[in-house]
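Asks: The hints should help you fit chains B and C onto chain A, whose structure is shown.
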Amino acid sequence: MTSRLIFRVLIALVAFTVLARIPVGFDVGFKFDAGLAVIWAFALLSLVLLTGYVGQISLCQATFAGVGAYAAGMMSATFHVDYIVAVAVGVAAAFALGVIVGLPALRLHGITLAIVTLGIALVFDRYVFQDHAFEWLTGGTGGWRVGQASMFGLQMDSSKHLMGAYVVLLALFCLVALLLVNLHDSGAGRRFRAIRDSELAAATMGVNLTRYKLLAFGMSAAIAGMGGAFYPLVAGSVSPQPFWLFTSLQFAAIAVLMGVRYVPAAALGGAFMAFVPDVLTRYGHGTLFGRQYEISYDWFQIAVGVLLIVQLITLPDGVWGDLRHRVLNARSAAGALRGRKVEVA
Amino acid sequence: MLRVRDVTVRFGGIVALDGVSLDLNRGEILGLIGPNGAGKTTLFNCISGVIAPDKGTIFFEGHSLVYAPPHVRARFGIARTFQNLQLWGSMTVAENLVVPMDALGRRNTFSDALHLPFSSYAERASMERARAILHVLDLDRYAGTLAGDLPAGIQRRVEIARALAMRPRLLLLDEPAAGLDAQETARLAELLHAVRERFHVSMLLVDHDMSLVMRVCDYVYVLDFGKLLARGQPAAIRTDPKVIAAYLGEESKKLEGEVATVVPTRPQHAPLLEVKQLAAGYGGLEVIRDVSLEVRPGEVVACIGANGAGKTTTLRAISGMIHPRRGRVMFGGRDVTGTSAERIAQLGLIHIPEGRGLFPNLSVEDTLRLVSNTAGHDVNITPAFELFPKLRQRRRQLVGTLSGGEQQMVALGRAILSEPRLVMIDEMSQGLAPTVVRQLFDIIRVFREQGIAVLLVEQFVESALDVADRAYVFEHGSIRLSGPAVELRADRKLVAGSYLGTAVDATAVAAANGNGHHVDPALMEIVSVRVPAKVKRALEQRAEVEGRPTGAVAIELLEKVDHQ
Amino acid sequence: MAAFAAYTIIGLSLGGIFSLAALGIVLIYRTTGVLNFAHGAMGMFSTFIAWQVFYGWSHPFWPGWLSTLLAIIAGLLFAAAMGLFLEFAVFRWVRTREPVVKAVITIGVLLALQSAASLIWKNNQYHLPIYLAPQTATFTIADVPIGANNVVIIIAALILAFGLGAFLRYTTFGRAMRAVSDSPTSASLWGVPVGRVGAVSWMLGSLVAAVAGILITPFINFDTTSLTLLIIDALAAALIGGLVSLPLTVLGGFILGLLETYPTIWIQSLGFPRLVALLVILAVLVVRNPRGFAVAAK
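Protein chains in written order, with my numbering: chain A, 139 to 483; chain B, 3 to 566; chain C, 268 to 565.
Worth double-checking, as some hints may not be accurate.
To give an idea of the interface, some chain A residues facing chain B are shown, with a C-beta separation under 7 Å as derived from the structure [claimed, not checked]:
1) ALA153
2) GLY325
3) ALA332
4) ASP335
5) LEU338
6) THR342
7) MET343
8) GLY344
9) ASN346
10) ARG349
11) SER434
Label-pair ranges, simulated between beta-carbon atoms [what the hints assert, rightly or not]:
12) LEU400(B) <-> PHE145(A): 53 to 63 Å
13) HIS394(C) <-> THR155(A): 51 to 61 Å
14) THR147(B) <-> ILE534(C): 56 to 66 Å
15) VAL554(C) <-> VAL138(B): 42 to 52 Å
16) SER23(B) <-> VAL554(C): 56 to 66 Å
17) ILE534(C) <-> ASP220(A): 33 to 43 Å
18) LEU148(A) <-> GLY402(B): 56 to 66 Å
19) PHE145(A) <-> ILE487(C): 38 to 48 Å
20) ILE487(C) <-> GLY340(B): 24 to 34 Å
21) TYR123(B) <-> LEU148(A): 21 to 31 Å
22) ARG420(A) <-> TRP360(C): 34 to 44 Å
23) ALA272(C) <-> ASP56(B): 37 to 47 Å
24) GLY14(B) <-> LEU525(C): 27 to 37 Å
25) ILE487(C) <-> THR147(B): 55 to 65 Å
Listing some non-contacts, in silico: residues in chain C with all C-beta distances to chain B over 10 Å [claimed, not checked]:
26) TYR274
27) LEU337
28) ILE387
It is worth saying that the hints were derived from the structure and are not from the lab. Only a predicted model underlies this, so the values are computations on that prediction, with no experimental measurement involved. Heads up, the beta-carbon is just placed ideally off N, CA and C, and yes, glycines get one too.
The shape of chain A in the complex, shown without the other chains (with noise of 0.2 Å):
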């Protein structure tokens, strides 16, 4: 058991490392990029738990980031406070309203919760995020601006200390990962995965449902949160666009086809939205055949969709989920030799 831990702490650090250093060099874009790609992959982390490991669909979770966002945003530009402060306040906030979404959830499934998720992440876009009522969480219509900002004394802001900025993200990042993985195969985890596979099991075994249902909504909102809460600082401001529906569309779209149920998809989908449609628009520009082109994002989101679509018909495991099953064949047909059970994180 402890192995197992040592090993994946172990790959947590190394990845921290890694990571840690690939921007150094390059420029500021390239930086908010790698900042921005964390950011996302806390969205996906949050649809982990929350899809992945409890079985509940949820189109809002670029709402539970945007909450955090504004949230954190409100307190730094607001109080001044030190930017711990304002994540905390920004993981709360969406923790809370987490919770308030789960309780539909308590009684809904499915296409049915999928439909409220969604109802929810229109509302909040457009009407909490952009209207005059709310003007004490979003700062009316130019947003918070954050300049700059310290967390144990370590400067961050979002042109010259961005790096601080992004290695706070990553380490955080890295823990919440590797909670997540260790959640897994807890009690909890198996829990969680009860209510997955069988809810009227699970609930005829013993598990309290409410008190499950919510606490799963509730941290997959405060996961998201917590990346939403450092978009401020990486970006500058906070404005409704980066998180109104479509992006929580992207993040479902995006978590399938890496593959829900895992954690290192998470990472790797946040590197993928991130990263792709700003090479694209950087690089995909020039002259084909005599005349110009241009690849926008718009060029990418319709990949996205068409790969969704691609994917859910013939891998419904994901990228990642594929990979690991051709993994776990080749291991257990050598493991079933020693007779031993394979695991793979």
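Replies: Below, chains B and C without anything else, positioned relative to chain A:
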């Protein structure tokens, strides 16, 4: 231990349960039987917490169960298994067992995520207990297998093991014998007895399989139309005329060896349906291996054999519901292997699947008129009403609201209207009262009169052989025997060996009665009495006879004991 | 009081749009098991095609009514083709999968359509003056101008709804559609051409979505996202009908339209109507929940 009083449940306009009362005593294995639609599943669901009764009370060891959600009932000590197997497929068998233990213990999500010492310790303890339970049920070798990968029979045992992991006091078993053949059912009966001995649980069993119920239960309640029809010891119930009439029907007569009129064999025609070395299955499982059979025009052919032998899969592979993996299917001279189900139906090969394959939200009339879609022209539906006058009154009624027997009539009516060449019927009698089944078998004769061939999969072996010209006996995915029906009927051992459905097993070993508890005189109370169930039943019977409350009789007896 | 009447008519015409959109959703859902989140996007795309024909490709010498007619025909033809395409290219292969999976596929369709539209027509605001009644035909109730077109929408929605209902109830193909919507496996065993039924459903659904889009566009400045997002309101109306009953869906659409319009008398907020839609969804789902434990996820 369990007291159910005057429970009434209504679904819309239908009264599923009407003032039903039931008692279960500690240490008993109680059986709940009744024809389909009698309300036993509803009652079962009320006790296990899936639905709430409109009226009435349910008490378990003094706790009222009416407002308790399922996980609270679990804490009280009620566990259940599910007819359609609700295992957690993505987890191993051991993990499946550990979850109920954790859930009822005091486990904390955060300490779990961090693998704090408390959690690790509790984990190990739970795993130990899980292995112990698996050992008792002879499931050790499956401990590390994913529950979703196991065959159905093993999954059932795992479900029971999981329920036991909860340390329940009462175990509710929902049709545990569904899908098991005679041998497996016998093993299940032994298992249940062993479980009661080792784990000191009382049980409530709902099932169609009379042989299991007779073998295992100490006491039986019979429901019919939502009301309590009879209750008593299994032997008494078996011979109670009311019960026989409602449930067993005229089946018992058949067992006396009555021989129906012999049907003359048909002249040799070219086969209408030819199946050669068919193999098919689901996912990684191959259910039928090498099935070859044929049906000639106008013949009635029966397929019999134990559950799981592959009869249904064969029909599905023929009709196009699933794709055959190997082999060929020829219908009317054409090769239809792998053709779509729609096309095959249009060619005149009709399949009435298990469950009848009807449309719940279409009216009877609309359903029958659907035949026009396939035929390509308007079809007169009156002949169906002439055959089944009962349906005429119900023509506007939605098919989903009809009884099982009426639904079967609709399915057969449609079959007649589409003027097929061959009709395949899968388990026509499933869940129907024997009186209705009788009528339906007569319809098969009508088919033959009209020159329509019939391929019949049936669990009522006697009735099937009665109406068929020939029969095939399936075993483990291929055909073991075939021959004229008359010959097969004469082979008594065969008939007894195959799955007899609701017929009573005459050679059943008497259930090992008695409970696992001793009388504890120091704690005896009149109201919740810890005496052997048999004694309590005897007191009740005597009280009924004398027209006095049971408590009074008990007090009287105790006083007599006191004075001696 | 008269203002109330004025708002009622506006609300009903908005509701007419919702009803039409919801009808398409319920039709497709009942016969193919796909809850089409991309419905609004599909309507949007067809509407843009109509716009393109109207402005981009029509001749200045043609009479106005010809441009209008051509635009509408183009939009509808495209809608039908798109519906057929989706059935054959995508949904035919996933007939046996769970509803949730199919719904997530429609999210993919939504994203693709959305971006494709954005690529072609950019993010500008558009106006499509396709009027079925003369624009000048207005009447006023309490100083609130009501166009005859508002009434036209209400009538069109009702006609289409009843037409569809009659088609399903009384025609042979309609019966086949109902059979498939009840149980696709049984239907194929009965020889009902499930594939053909599915294709027709998608076509009809897409057509109805296009009609909804074309009818609403004279009244708003629309862009690629606004019509896509109508999906929430359409879903709310569909849920009022329980995803099953067409008459209730139509009724639900009208009710939702009213519920979204009345508050604008007091609250001037662009986003508030969306909140109304969400509350309606929640209310309907909570009320409709089956008694006891919800067995088997949808």
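Asks: Against each hint, give a clear statement of whether it holds in the structure.
Replies: Verification of the hints:
{"no.": "1", "hint": "ALA153", "result": "violated (19 Å)"}
{"no.": "2", "hint": "GLY325", "result": "holds (4 Å)"}
{"no.": "3", "hint": "ALA332", "result": "holds (5 Å)"}
{"no.": "4", "hint": "ASP335", "result": "holds (4 Å)"}
{"no.": "5", "hint": "LEU338", "result": "holds (6 Å)"}
{"no.": "6", "hint": "THR342", "result": "holds (5 Å)"}
{"no.": "7", "hint": "MET343", "result": "holds (4 Å)"}
{"no.": "8", "hint": "GLY344", "result": "holds (4 Å)"}
{"no.": "9", "hint": "ASN346", "result": "holds (5 Å)"}
{"no.": "10", "hint": "ARG349", "result": "violated (9 Å)"}
{"no.": "11", "hint": "SER434", "result": "violated (40 Å)"}
{"no.": "12", "hint": "LEU400(B) <-> PHE145(A): 53 to 63 Å", "result": "holds (59 Å)"}
{"no.": "13", "hint": "HIS394(C) <-> THR155(A): 51 to 61 Å", "result": "holds (56 Å)"}
{"no.": "14", "hint": "THR147(B) <-> ILE534(C): 56 to 66 Å", "result": "holds (60 Å)"}
{"no.": "15", "hint": "VAL554(C) <-> VAL138(B): 42 to 52 Å", "result": "holds (48 Å)"}
{"no.": "16", "hint": "SER23(B) <-> VAL554(C): 56 to 66 Å", "result": "violated (33 Å)"}
{"no.": "17", "hint": "ILE534(C) <-> ASP220(A): 33 to 43 Å", "result": "holds (39 Å)"}
{"no.": "18", "hint": "LEU148(A) <-> GLY402(B): 56 to 66 Å", "result": "holds (59 Å)"}
{"no.": "19", "hint": "PHE145(A) <-> ILE487(C): 38 to 48 Å", "result": "violated (58 Å)"}
{"no.": "20", "hint": "ILE487(C) <-> GLY340(B): 24 to 34 Å", "result": "violated (52 Å)"}
{"no.": "21", "hint": "TYR123(B) <-> LEU148(A): 21 to 31 Å", "result": "holds (24 Å)"}
{"no.": "22", "hint": "ARG420(A) <-> TRP360(C): 34 to 44 Å", "result": "holds (36 Å)"}
{"no.": "23", "hint": "ALA272(C) <-> ASP56(B): 37 to 47 Å", "result": "holds (45 Å)"}
{"no.": "24", "hint": "GLY14(B) <-> LEU525(C): 27 to 37 Å", "result": "holds (30 Å)"}
{"no.": "25", "hint": "ILE487(C) <-> THR147(B): 55 to 65 Å", "result": "holds (59 Å)"}
{"no.": "26", "hint": "TYR274", "result": "holds (37 Å)"}
{"no.": "27", "hint": "LEU337", "result": "holds (36 Å)"}
{"no.": "28", "hint": "ILE387", "result": "holds (38 Å)"}
Hint violations for this structure: numbers 1, 10, 11, 16, 19, 20, all remaining hints satisfied.
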